[in-house]
Amino acid sequence: MDPMRRSPSPCSSRPSSPRTPPCKMLGYVGIEAVLDQLKIKAMKMGFEFNIMVVGQSGLGKSTMVYTLFKSKMWKSTIPGLGMPTPQTLKLQSVTHVIEEKGVKLKLTVTDTPGFGDQINNDKCWDPILGYINEQYERYLQEEILITRQRHIPDTRVHCCVYFVPPTGHCLRPLDIEFLQRLCRTVNVVLVIARADSLTIEEREAFRRRIQHNLRTHCIDVYPQKCFDEDINDRILNSKIRDRIPFAVVGADQEHLVNGRCVLGRKTKWGIIEVENLAHCEFPLLRDLLIRSHLQDLKDITHNVHYENYRVCRLNESHLLPRGPGWVNLTQAPAGPPATPRPSKVRHQVQDDSKDDEEY
Amino acid sequence: MAATDIARQVGEGCRTVPLAGHVGFDSLPDQLVNKSVSQGFCFNILCVGETGLGKSTLMDTLFNTKFEGEPATHTQPGVQLRSNTYDLQESNVGLKLTIVSTVGFGDQINKEDSYKPIVEFIDAQFEAYLQEELKIRRVLHTYHDSRIHACLYFIAPTGHSLKSLDLVTMKKLDSKVNIIPIIAKSDAISKSELTKFKIKITSELVSNGVQIYQFPTDDESVAEINGTMNAHLPFAVIGSTEELKIGNKMMKARQYPWGTVQVENEAHCDFVKLREMLIRVNMEDLREQTHSRHYELYRRCKLEEMGFKDTDPDSKPFSLQETYEAKRNEFLGELQKKEEEMRQMFVQRVKEKEAELKEAEKELHEKFDRLKKLHQDEKKKLEDKKKSLDDEVNAFKQRKTAAELLQSQGSQAGGSQTLKRDKEKKKQEALSWLTWYFKWKCPVLS
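Protein sequences, first through last, are from chains A and B.
For the first sequence, the residue numbers in full-length UniProt numbering are 1 to 359.
For the second sequence, the residue numbers in full-length UniProt numbering are 1 to 446.
In case anyone wonders, no lab produced these hints; they're calculated from the structure.
A couple of the hints might just be wrong.
[Unchecked claim] Here chain B is said to cover these stretches of chain A; the calculated rule only asks that three of the stretch's residues, wherever they fall, bring their Cβ under 8 Å from a Cβ of chain B: (1) 28-34; (2) 153-160; (3) 178-184; (4) 264-274.
[What the hints assert, rightly or not] Each computed EDC-like pair below joins lysine to aspartate or glutamate, with the alpha-carbon atoms no more than 16 Å apart: (5) A:Lys44 - B:Asp30; (6) B:Lys66 - B:Glu354; (7) B:Lys35 - A:Glu229; (8) A:Lys70 - B:Asp26; (9) B:Lys172 - B:Glu120; (10) A:Lys266 - A:Asp252.
[As the list claims (entries may be wrong)] Partial chain A-side listing against chain B, Cβ under 7 Å, derived: (11) Phe47; (12) Thr147; (13) Arg208.
All C-beta atoms, glycine included, are put in the ideal place defined by N, C-alpha and C.
Extracted from the complex, chain A is given alone in its bound form:
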């Protein structure tokens, strides 16, 4: 078993308490009203979601964000001719609140302009990993306070969407290196960007090759197989896993097709409808990210990735007696030291694999 594999089953439906006798109720009590209570409470609190988009420039990341959330996050994304390409990777984060049918969502989108754009892309993942760990660190610091807030603001990255350029061949070394590191720290959703340059057959072949690459290098993208709780989850997630990476097309302009106004890209040979499953797999991505698995993404981030980070941080404390990373919140620990070492992950896996066997 791969030592990089993470602990399974973050939100097990079977609690760890001793077996208790089931009781037969003779009439209606009203326990299910607690679901409504939960819903009311959740609506009042609002939701938070933090997403990061990673990919080379020109792959349509900002357009994809617009297509997903139907709101313009940034003002303009096309770099002017006079603007120099950024020398180092600088992450930009924007936060907006969007509301739909009474549900408020505080959405934070982090962009990574300049990723993979330099000639020498060695260690270009460091700033990104550093940023992710910094968010975990911030949450940890809040959680560890004596008088802590009722609701700790959650800036942890719940999902990272990685854009693969549509070469049609296979994953590039940069992609593989980056994904290997990133999958251990955050949920990664893989998409093939600008898929309108590939035909359907080319897409399938590309997808199979990418899946093969992922298996060879033991890269576990979301939805991870080890976190499937029960048989329904497994069936649903297997279907999704079969279609990963999604071949998506983003668009921010509307066109008239058959009398309907749809989002799409207009070309000389036709209009590519974004929401049409026959044209591209954007609906699948949107459903995965927003309509069905958003809560799951947050739960896995909180129960697995954050806990792993916390274990590492608290275990490594004897190595850094009073280093700057402790005291000062602004100095985030650099990426590599905070990524879990294989030995620790293996140990954790051994502990949890025993639980797994019980189930």
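Got chain A; can you put chain B on it based on the hints?
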């Protein structure tokens, strides 16, 4: 509380952006609910009250089921808590219900320490949760939460006022748990007495500074109902698991010669109100108050007691990790010490064994030497004997040759002797040899 949360988040420099189309995250509350359903819920109730006030019966009536348990006697030496956990299932919602009941409360002659086991029990649950939260490798999402979410305090229906035991206990518990006072066996009080009783109780609670649980009124959907219910506290309840036919329906009721008291009749008692408030409207709020208010208070006190601060004297933020580090070093040090001890013991044992073995070896050597010496002695003796025997044989041979020589000389001098003469000669020779032999052997005789 939470109504201001989203405003606070919005106010932190982010603007609300209008949506250009349907995104679909309005299913978020449903996703959350589905996840919670698959995890299951847990709810823990603590029933505090004197023996015989109907605590178990009320629990049975509330949850429409028969929980096992035997009624307690009045002869308990001290207050104990009895805890039972049950799995209830209603449609697709699974609830892990834990009911903790006091046994022997109010039965002793000296009741000064009656509240202590209860407070200790509640603190123990908080402590267990805190320990789990402070662990380095923790599993909070599958942890069975045993913290008490609601405490139903059963007041005896005297009709006058609260007993001092009740006041003292409630005062000790109000900062640790959500207290909901209820008047038990309220079919013993008439309606007019009941209103006076309730007023007296609430005024006593207020004057003694006891903070009972107030149903939340900040959310519009439940504010109204909660507000009215707050005015009805404490609830006067009756519990009954017997079903009687009233009219043409089977209802839970208690039958008296003078009439029948229906449990679910709002005119008869406040049971329905209690069920509404406890389960159908505020279960989630009770759990949240326990976690965010009572548990946080306990945690804060405990951590401060342990010596943690949010800022060091040098105003550097928290020293929690340093204590982790210190504890870890301590632990490692202990391990090392133990290892040293074990190693020393091992070395000592080895030495002892070695000495023993050396002793044994020495003994063996000695034995071997002795035996060798013995053997040599024996050999020498035998050789001596052999030598003497050889000497004898040689002497005999010499005499034999001498005798033969004599015989041959005698035969030369005789000439042609006959056989007889030879024989005689031989006889004479033998005789003379024998005589010589004897003479030689025993010189004394000659």
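16 Å limit on alpha-carbon distance, applied to hinted pair Lys70 (chain A) and Asp26 (chain B):
14 Å, holds
Mind checking the alpha carbons of Lys66 (chain B) and Glu354 (chain B) for me, to see if they're no more than 16 Å apart?
71 Å, violated
How does the coverage statement for the stretch 178-184 of chain A fare against chain B, requiring three or more residues with Cβ below 8 Å from a Cβ of that chain?
violated (count 0)
Are Thr147 (chain A) and chain B close enough, Cβ to Cβ, to be under 7 Å, as the hint says?
The hint holds - Thr147 (chain A) has a Cβ within 7 Å of chain B, the shortest such distance being about 6 Å.
With a Cβ-Cβ cutoff of 8 Å, does the stretch 264-274 of chain A contain at least three residues near chain B?
Coverage by chain B is violated here, the residue count being 0 at a Cβ distance below 8 Å.
Checking C-beta pairs, does the stretch 153-160 of chain A have three or more residues closer than 8 Å to chain B?
violated (count 1)
Taken at face value, is the distance from the CA of Glu229 (chain A) to the CA of Lys35 (chain B) at most 16 Å?
Roughly 11 Å separates the two Cα atoms, so the pair holds.
Have a go at the Phe47 (chain A) hint: is there a Cβ in chain B nearer than 7 Å to its own Cβ?
Interface hint status for Phe47 (chain A): holds (5 Å vs cutoff 7 Å).
Within 16 Å, alpha carbon to alpha carbon, are Lys266 (chain A) and Asp252 (chain A)?
It holds: about 11 Å lies between the C-alpha atoms, which stays within 16 Å.
Given hint Glu120 (chain B) paired with Lys172 (chain B) - CA-CA distance at most 16 Å
11 Å, holds
Satisfaction of the Arg208 (chain A) interface hint, Cβ to chain B closer than 7 Å
29 Å, violated
Coverage assertion for the stretch 28-34 of chain A with respect to chain B, Cβ distance below 8 Å, three residues required
This one holds; 7 residues, not fewer than the three required, reach chain B with a Cβ under 8 Å.
Consistency note: the structure conflicts with the earlier hints numbered 2, 3, 4, 6, 13.
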